[in-house]
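Chemist: Residue numbers (the numbering used here), protein chains in the order written: chain P, 1266 to 1688; chain L, 97 to 197.
It should be emphasised that the hints constitute simulated quantities derived from the structure, not laboratory data.
Do not take every clue at face value.
Here are the in silico distance ranges between beta carbons for each label pair [stated by the list, open to error]:
#, chain 1, residue 1, chain 2, residue 2, range
1, P, 1544, L, 162, 55 to 61 Å
2, L, 147, P, 1674, 32 to 38 Å
3, L, 162, P, 1594, 41 to 47 Å
4, L, 162, P, 1583, 55 to 61 Å
5, P, 1604, L, 147, 53 to 59 Å
6, P, 1482, L, 151, 32 to 38 Å
7, L, 147, P, 1642, 54 to 60 Å
8, L, 165, P, 1530, 30 to 36 Å
9, P, 1371, L, 147, 55 to 61 Å
Now the stretches of chain P that chain L is said to cover, found in silico as 3 or more residues with beta-carbon under 8 Å [as the list claims (entries may be wrong)]:
#, region
10, 1340 to 1353
11, 1391 to 1401
12, 1515 to 1527
13, 1603 to 1614
The model shown is predicted, which means the values in this text are computed figures rather than measured ones.
The C-beta atom is built at its ideal place from N, Cα and C for all residues, glycine as well.
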Amino acid sequence: MNRDDDREIFSSVRPEMELLVRCVGLHAHERCSQRIEELLKADLDFDYLVQLAVQHRVIPLLERGLANGHARNLPAWFLQELRELRWYNTLHSLAMLEELLAVLRIFRSHHIRAISYKGPLLAECAYDDPALRQFFDLDLIVPLQDVPSAVALLESRGYYVKRELTSPIRTRSLKSDLHPHHEYALSNPTTGVTVELHCLSGPRAYAYPLNPQTVWKQVETVRIGEDTLDTLRAEAMALILCIHGTKHRWACLQWLCDVAALIHSHPDLDWDWILKTAFLSGNERILLHSLLLARQLLGVRLPPEINAHIHADPHVRRLSVQARNHLFQTGDVSSELVASALRYHFETLTSGKHKTAFVLHKILYSFNQSLTLLMPTEKERKLAALPEFLTFLYLPLRLARLAVKYSSMALLRRYPSNTVEGF
Amino acid sequence: MSKEKTIGPETILRASQNQVSTDLQGETVILDLKSGVYYGLDAIGTEVWRMIQKPRSVKSILEALLNKYEVAPDRCEMDLVSLLEDLHANNLVVIHDQETA
Chain P
1266 MNRDDDREIF SSVRPEMELL VRCVGLHAHE RCSQRIEELL KADLDFDYLV
1316 QLAVQHRVIP LLERGLANGH ARNLPAWFLQ ELRELRWYNT LHSLAMLEEL
1366 LAVLRIFRSH HIRAISYKGP LLAECAYDDP ALRQFFDLDL IVPLQDVPSA
1416 VALLESRGYY VKRELTSPIR TRSLKSDLHP HHEYALSNPT TGVTVELHCL
1466 SGPRAYAYPL NPQTVWKQVE TVRIGEDTLD TLRAEAMALI LCIHGTKHRW
1516 ACLQWLCDVA ALIHSHPDLD WDWILKTAFL SGNERILLHS LLLARQLLGV
1566 RLPPEINAHI HADPHVRRLS VQARNHLFQT GDVSSELVAS ALRYHFETLT
1616 SGKHKTAFVL HKILYSFNQS LTLLMPTEKE RKLAALPEFL TFLYLPLRLA
1666 RLAVKYSSMA LLRRYPSNTV EGF
Chain L
97 MSKEKTIGPE TILRASQNQV STDLQGETVI LDLKSGVYYG LDAIGTEVWR
147 MIQKPRSVKS ILEALLNKYE VAPDRCEMDL VSLLEDLHAN NLVVIHDQET
197 A
């Protein structure tokens, strides 16, 4: 954080949030150490700190950052809780890695090539430790034509199709409706593991730098035990992480930590490729403001050419401030004006073509969401088992249920806690 | 799982490749990818584990430990060999000569 004004960045932030950011940054053990000590002397709400770390998925990084040299200033119960949470995450991460290897072995034996990205392989590539990252599902890219076979193989391992990722409309009879170009999330109720199958097809809000044809050129191999696994090259991964974080307006600190750790662990990154690909796919502002954010908050060292590009575009600095404010915002953000989110996303795009595509995607997405909301769910089906020719009656039933649900929620907001007890 | 006790001062060994391990507050959790069994190492075990990420002789590990800790050499060697034999019996370390032979 030598180039950016620390005090301004954290001026309106609760000390717990500042402590969290400083502990998970790349310089947690160097320059930040003194400031961490100062913060630990303040009257901190450690319950809130745990809550923030859970929310931002950085329990292992926080524990590592605090345990090394700062443990003596921490309440014993807090340290114990943090250690237990990290223990749990370690066992969970290793179990997920084991499952990933098993799934990939099955795919390999059926000649299905799969790229594993994010999840345990990102932990290994970026942090050199499979347990330093919190993740809840396994993301795999499979060729378009192999999606149905991959789904069938996962089903034979106890998974069931939880939802379709490509379209927000929930499909009812997924087995018969399996579409080869769609993407699916499958869950195993016994192990609790979710596998997401991606094929990089279908419309997206952001122009993706990779597509089903080009992604296979961006693969590198990682050796885990006796298995050699395909994953994305660090350059492609860095760009995808920036797009993913931007899509969610950097609401989670872990996403930024991933970018920082990936860059830090790959000192020979091909920045020319990253820049060129970002410019060609219209993602340059997405890349640059994300990198600026990682530099300001986590102390990532960027090459001079990247810093020059950051400096040249005034939108980049403005976007990073917006993203930072959103990252620091805690609590319920659902009520926040959609307009500010849209403005941010719109500003990340540079060309008219990409802006038009973004707006069209948002309109289509909202339309699909509305349709999804009106589709009957299991609850309506349980309320009244209607014969096939009367299924249209589920619509008024669904509308009635929604009316009851939302009016009760409105009442609860108006008369909180005990005034509506028993409602 | 029982293996012949072949570990002596001149033995060169390293961590098996068929495992993943992670450092946890100075301790280590190891997952044997073949058996799916988890193992834990305490702080000293973790130091030894770090040293054998690359091929290393028992003698040099012993020297490193004796330089760092005030412990009787005989006791240290006995504990070290015992730990390495345990790891070897559970396929978590490989003896370098055996591997290259």
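Chemist: In ascending order, which of the hints set out earlier in this document are inconsistent with the structure?
Modeler: 2, 3, 9, 12 and 13
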